[in-house]
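Peer 1: So the chains spell out like this:
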Amino acid sequence: MTTTVVEPWAEQPLLRYVAESGARLVVLMTPAGQVLAQHGFVRAVDLMAASALGAAIVAASGALAEQVGERSFGALFHAGERHGIHLASCATPRGALIVLTVFGKETSIGLVDLFYDEFAAALRRAAPAEQLREPVLAEDFEADLNRSLSTLFQR
Amino acid sequence: MSAPDDIRPRAGAADAPSARAGAGSNASDPMERALDRISRVRGMRGSMWVSADDGLPVAQLLMEGVPGRAVAALAASLVRKVSGSAGAVGAGRVRFVQMEAAGGTLLVAPAPPDLLVVALADARVNVGLARLEMMRAAAAASR
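Chains as they are written, first to last, in the numbering used here: chain W, 1 to 155; chain D, 1001 to 1143.
What the hints contain is simulated information worked out from the structure, not anything from laboratory work.
Glycine included, every Cβ here is placed at the ideal spot set by N, Cα and C.
Check the hints yourself; a few may be wrong.
What follows is a list of derived Cβ distance ranges for each label pair [as the list claims (entries may be wrong)]: (1) W:Asp117 to D:Ala1101: 21 to 27 Å; (2) D:Ser1085 to W:Ala138: 56 to 62 Å; (3) D:Ala1101 to W:Arg16: 21 to 27 Å; (4) D:Ala1086 to W:Arg147: 46 to 52 Å; (5) D:Asp1029 to W:Gly80: 27 to 33 Å.
A partial selection of chain W residues facing chain D, derived with a Cβ cut-off under 8 Å [claimed, not checked]: (6) Ser108; (7) Ile109; (8) Gly110; (9) Leu111; (10) Leu114.
Generate the whole structure from the sequences, applying the supplied hints.
Peer 2: Given below as structure tokens:
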């Protein structure tokens, strides 16, 4: 299984989280769906779909939280026959980040959630302070995306 | 029948575990009553019902400072691995797991199909009595 990172500070916390939780797939991303690090994905198309869907779910549940007067909801679990997912966001000095974890029967939602807390704390410690970024321009978007994909899949 | 020496009165005991049930804390609930009986064993620091597949606490009666989520997740993981080992050597279904460490003892009684009875105790615990109460609770839950 491969672990690749776009931002190097995320590597050690991610490696430890994967080892401890027994997760099969992990994506660390921004609320916009930009992938910062991943573990276990083989194809770029799967990673981009997972990150886009994960970010969309977090955005939707955040909007729902506002509707019912909550600041935000905690982690989201889905249990399937063979796989489960754990989706949560955490505040870091780099800004809010989203972690999507896919796990199998060899671990449990209890273990994943337990070690997610440690992962989130490690991300908070390791993340650099958020820098003012220039607005994303349409003409730069594809180049940025391709650069991230090249880094993640070493192409 | 007189109460065994190892059973202490729970009400008012300064170090008695406090109820923090994940699924309500109704004292008449059979699960709560089982935890109450287990927690009366001297040296017990807490007991809980845990979802076997998920490793999440279902109901718990823990002393202050006992990390319930961590105990639940790790106990479920331990039982899964021990069950795998028992299956591999043809030993059949695991009925009780006892893990002794320097700082205490972890006891787990699977209550098939979905639950585990988990207890965390210090070194002076009467394991036989704890096991009896836990097996009784597991058998009742499995019925």
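Peer 1: Please write out, lowest number first, the hints stated earlier that are contradicted by the structure.
Peer 2: none
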